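**Q** Residue numbers (the numbering used here), protein chains in the order written: chain A, 3 to 473; chain B, 37 to 401.
Hints may contain errors.
Stated by the list, open to error - Subject to a maximum C-alpha distance of 25 Å in a straight line, what follows is the list of computed BS3-like cross-link-like pairs (lysine-lysine):
(1) Lys-248/B to Lys-154/A
(2) Lys-315/B to Lys-255/B
(3) Lys-131/B to Lys-43/B
(4) Lys-248/B to Lys-49/A
(5) Lys-43/B to Lys-49/A
(6) Lys-315/B to Lys-125/A
(7) Lys-368/A to Lys-233/A
(8) Lys-73/B to Lys-319/A
(9) Lys-295/A to Lys-49/A
(10) Lys-97/A to Lys-319/A
(11) Lys-125/A to Lys-295/A
(12) Lys-13/A to Lys-176/A
As the list claims (entries may be wrong) - Pulled from the structure, derived: some chain B residues nowhere near chain A, Cβ distances all over 10 Å:
(13) Ile-51
(14) Phe-61
(15) Gly-170
(16) Val-190
(17) Glu-215
(18) Gly-239
To be verified - Stretch-level coverage of chain A by chain B, calculated; a stretch enters the list once three of its residues show a Cβ under 8 Å from a Cβ in chain B:
(19) 113-124
(20) 142-148
(21) 320-328
Hints are computed from structural coordinates only; laboratory data are not their basis. Small disclaimer: the values here were computed from a predicted structure and weren't measured. Built from N, CA and C at the ideal position, the CB exists for glycine as well.
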Amino acid sequence: MSNSQNNLRRKYDLLVVGGGNAALCAAISAKHERPNASVILLESSPKDVRGGNSRHTRNIRYIHPAKNSFLTGPYTEDECYQDLLGVTKGNTIEKMARLVIRESNNVGDWMMEQGVRFQPAMKGTLHLSRTNGFFLGGGKALINAYYATAEKLGVEILYEAEALDLEIENDTFKSCTVKMEGETFRIEANAVVLASGGYQANTEWLKNSWGPQAANFLVRGTPYDKGRMLKVMMDHGCKTLGDPTQGHMVAIDGRAPKFDGGICTRLDCVPFGVAVNKDCKRFYNEGEEIWPKRYAIWGRLVAGQPDQVAYIVIDSKAINLFMPSVFPPFEANTIEDLAGELGIDPAGLKATVDEFNAHCPSDTSKFNSGDKDGVATVEGLEPPKTNWARPIDTPPFYGYMLRPGITFSYLSLALNERMQVEKEDGGVFKNIFAAGEITSGNVLGQGYMAGFGMTIGTVFGRRAGKEAMNV
Amino acid sequence: MSSEVMKEAHRCTTICNACRYCEGFCAVFPVMEMRRKFTDPELKYFANLCHNCRGCYYACQYAPPHEFDLNYPEVMAKLRKETYQEFAWPGCVSKLFKNNGLYIFAMTTLAIFLFIAGTMLFKGPQALFTAVPGAEAFYKIIPYWLMCVIFMAVFFFSLYALYRGVKNMWRITESKPEELWKLSNHIQAMKDAFTLRYLEGNGDGCNYPDDKFSMIRRKFHHFTFYGFLGCMVATAIAFLYEHGFGIPSPFSIFSLPTFIGTVSGLALCYGTGGLLWLKSRMDHRPYDEQSVGMDMSFTTLLFLVSLSGLLLLLFRGTSAMGLLLCVHLGLVMGFFISMTSGKFVHIVYRYFALVRNAYEHREWD
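Only chain A is shown next, with the shape it has when bound in the complex (with noise of 0.2 Å):
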């Protein structure tokens, strides 16, 4: 026995798997419920790299009847909810899309509380200064905040505690497998909630989802999300939920690390150029929406491009009207060096350079960055480039290499409304509570919007922390 396991009590309250934002709403929520709850955390990752994505994130998306002094104005709940339909083309469960939004309101006053502190939105964010609260530090600041927060209130918090397996009986939970330190040992709990994120770096799993393009994939966010609770429930005759190839997934920085690249491995230079696949054909309109808009739609579509790669090509007319990018773009006097560069053929790119080129408008006076002006390729070109389509011609020219870089997955535990985990026979785990990732494909089943991966963890978080609490 290791002195962690010593110290253990032989039954809790609670236990919660994972150490992310919904497990750490989860387990502060239950302690505000019953403050003598014996409640402990399981986190998989050492305690430096804690929090799962969540210290990735920078903002959470939630409604509010009024302006504050960080959010620029009101945010309805019908707003909110036409907004979730446009990026997931009603691909959602309204009951459960409506829970997460109801309740996500004026969810900051509850988050100050609990230490996470906020900031306007950040320089070239201000598209969503109205909608989402912006973590002063971001994400491993609120993490760092929750953490202070639940250890004050008592949870024992065990790191590097792996949840192997869930031993249940008659739909009811009984105890957690946990290894840590070389040792297996029980965990036993009256009630436990899961909150130990997708299974978007488990590459096998992937593979098995994708096909053998996942291993293409790079992973934005931690190295730990390996989806075993999710498989266990799985296993135990859970009903999930989602599409398994659907999830949050962007084109970033192809010399991004293959994990925990975060932010900064992201390029918003795609509405200013012309992307291309390998084969150097272009393959979608780049400039069909502002990028806020489209971000998240660029990941699938560099997914399903040969050997999922593409390469995005600007002049130095836009190479200042991005953000800046954490690896320097490759750079070249001519089209066909830069297509050397980045190790492509040359004759091929510049065909389709010079064929865009042919087809920007004579006058692109009207040109705007800041929003959708309409400046468009004329007839004949396929796809089209529907708004900033301004000739690429002005050297030095620039260029990124993309790859398809997933958040988190969208495959999921069934939910009902009091968080506890679904059959598949119609039953329901009486004791199992589940939230964040995990239960993400409840409201998500294709798209994303900024900030509302937040929401969902910390409101089902608050939520199964206090049922559970209840059982």
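We have chain A already, so just place chain B on it with the hints.
**A** What follows is chain B alone, placed relative to chain A:
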């Protein structure tokens, strides 16, 4: 030719500017976001705007053990020390920042020794251990003219050297010459400096000595700063008393200079003692270990100056006065010497970085 530290500062700043999560923490990140690319002179300016509040370290998703290995407070501290060397006037002073703790210790010890040896030589050893009653007691140990000449000489030389240092800083960081003495910049910079605005964080303080937000460092720094300022004011009033009104020292405990000096000395002692205590408990990761000598020697010296001053006040009527006076004057001399070649310079360079910060924000808005 950029130093290794400068290269690391470029690498880190590029990551920071692509992330930008820290823009709410301090003055560095907003001015960083005004730019896409960074020059060496700009980063030297950033380094003096950073005051090691560590908010960015604990909030950083790329901090070690992440493979980006981003430690912004550490690289800024290293670069800041390099700038102290580069800005220094006269040029030979820059070498003194290398083993700064040792140098300050040696100079201070030497000053104390010279005061003691001089007293013994000219007044006899008994002067150190004899109670001297009445007016002008101090000057019976060290002649008044001598005190004036050597302290004024070192003090005014140091002031001039710092002025040249600021000119160097302004040129080397490629700041705008016409903005250096503009009043509006100084009004803003003084507001920032006198309130320690950037140690306030967003109301919760900074992450010092560990990862928790705390106002404690700001509190101790305020005691140190205003205590120091009070001591300077007390000294100036004392000078005025002697020369304007012809009142000889030592002054009564209830006189203006002694009263202000005592209160300020207590504040300085408490503040520096607190800062040293915090430093002994701080998390060393967001810190430049090579700067420890420079940092500790400065704070320790200020602590000892205030402590010896208070002891001198307490025991000035006793036979310990002679020795205490020599020690106190030696420590003050050590401090004056270190004004150009120790951590004291952070007051000046940080202030002028705030001056530039003021005009950059005005231009940006």
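**Q** Please write out, lowest number first, the hints stated earlier that are contradicted by the structure.
**A** 5, 6, 7, 9, 10, 13, 14, 18
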